[in-house]
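These protein sequences, in sequence, are chains A and B. Per the numbering used here, numbering through the first sequence is continuous, rising by one, with the last residue being 185. Per the numbering used here, numbering through the second sequence is continuous, rising by one, with the last residue being 370.
Don't read these hints as lab results, they were simulated from the structure. Even glycine gets a Cβ: it sits at the ideal position worked out from N, Cα and C. Please note that the accuracy of each hint is not assured.
[As the list claims (entries may be wrong)] Just a few of them, taken from the derived set where beta-carbon distance is under 8 Å, the chain B residues facing chain A:
| no. | residue |
| --- | --- |
| 1 | 194 |
| 2 | 196 |
| 3 | 199 |
| 4 | 201 |
| 5 | 257 |
| 6 | 352 |
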Amino acid sequence: MGINLTKGGNAPLGSLQKFTVGMGWDTNETDSGSSFDLDASAFMLNASGKVLSTNHFIFYNNLKSPEGCVEHSGDNLDGSGDGDDESIRIDLSKLPNGCEKITFVVTIHDAESRRQNFGQVRNAFVRVYDPSTNEEVLKYDLGEDFSIETAVEFGELYIKDGMWKFKAIGTGFNGGLQKFVDKYC
Amino acid sequence: MSTVNLVKGQKISLEKPGGGTLSNVFMGLGWDPARGSDDIDLDASCICLDAQKKVVDVIYFGQLSGASGSVIHSGDNLTGEGDGDDEVINVDLSRVPANIESLVFTINSFHGQTFNEVDNCFARLVDKSSKTELCIFKLNEKGSNNAMVMCRIYRYNGQWKMNALGNPANGRTANDLLPSIIKMY
Chain A
1 MGINLTKGGN APLGSLQKFT VGMGWDTNET DSGSSFDLDA SAFMLNASGK VLSTNHFIFY
61 NNLKSPEGCV EHSGDNLDGS GDGDDESIRI DLSKLPNGCE KITFVVTIHD AESRRQNFGQ
121 VRNAFVRVYD PSTNEEVLKY DLGEDFSIET AVEFGELYIK DGMWKFKAIG TGFNGGLQKF
181 VDKYC
Chain B
186 MSTVNLVKGQ KISLEKPGGG TLSNVFMGLG WDPARGSDDI DLDASCICLD AQKKVVDVIY
246 FGQLSGASGS VIHSGDNLTG EGDGDDEVIN VDLSRVPANI ESLVFTINSF HGQTFNEVDN
306 CFARLVDKSS KTELCIFKLN EKGSNNAMVM CRIYRYNGQW KMNALGNPAN GRTANDLLPS
366 IIKMY
């Protein structure tokens with residue numbers, strides 16, 4: 001049983017070098033209307049909070065960072081099933097120079113035309129686990145208090161005093177994935 | 186406080202600006218027959234659920250008062266307060282029993298007419314003391330369903346919030362909708 005984080009909280013990752021950041025969610029079932037497609041992405045940021053390069057923005061069209069430090073499991077189109085809906089593998093031994101933070105976001109694909117938002121998403125979580133043992137290191141349940149946001153920053157990995165930590169963020173924005181691209185690129 | 190036009194999925198706080206608490210409100214629900222359709226006979230209901238999404242009470246045309254008298258349905262063919270409302274359900278939020286977490290407002294067609302025959306469907310929440318409309322959710326979709334789960338008033342961290350749902354469902358009475366409702370939030 002790992003650490004349960006609440007919004008704003010953080011936990012150290014200890015000596016863990018290879019781990020998986022799993023993200024999951026359920027969408028509110030309706031008898032008609034468009035299906036939901038939520039996408040997890042990661043931005044590998046430098047000390048100024050900008051991506052190292054466009055290749056360090058990991059999403060469904062760029063699944064792996066050049067050094068192999070961050071690798072996306074691929075797009076899950078419908079969010080069905082228990083457990084992680086999308087996951088991102090991290091190998092800190094392959095961390096490129098200058099990367100001080102990796103932030104994890106989830107956005108609703110095509111939210112505007114499908115008239116969808118995080119008010120219709122529940123049971124969202126992010127967790128860090130060791131894939132070799134399946135042992136969960138930490139988990140953050142985001143709660144259900146989102147509304148018209150179409151993009152949510154779930155959490156971030158950051159280095160402090162030589163130690164990697166994970167911080168629970170849970171901040172929502174409008175504007176979908178583009179919002180984060182504008183912010184970090 | 187001007188009215189908020191809610192979009193599907195949106196959640197807003199029902200705290201008054203400055204921190205006051207609402208108590209006496211009513212939910213006005215309205216609809217029109219679509220052009221070319223016959224008169225439409227719809228029924229508004231309020232389903233009270235506890236934290237485990239178990240039904241505590243159902244307030245509908247067959248039982249006009251419930252939740253220890255804190256929810257009172259005005260019945261059909263209203264006149265007076267609330268222009269345009271076809272049915273009104275009064276709620277004293279301060280008296281809703283503590284075990285009730287959610288008040289779900291639905292519109293059903295007892296005769297099985299579908300929402301393809303309905304126009305201008307809305308749910309609006311009005312503060313009775315100031316006669317102020319707090320928010321309105323105007324449905325902009327149609328469908329072959331004969332029921333619509335319009336919105337939900339729910340407790341969150343000790344205060345009441347409103348969540349626009351607009352989820353189609355099927356059932357001639359509010360009770361028929363329960364299996365769908367528990368998947369909606």
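Find the hints from earlier in the document that the structure breaks and name them by number, from lowest to highest. 3, 4 and 5
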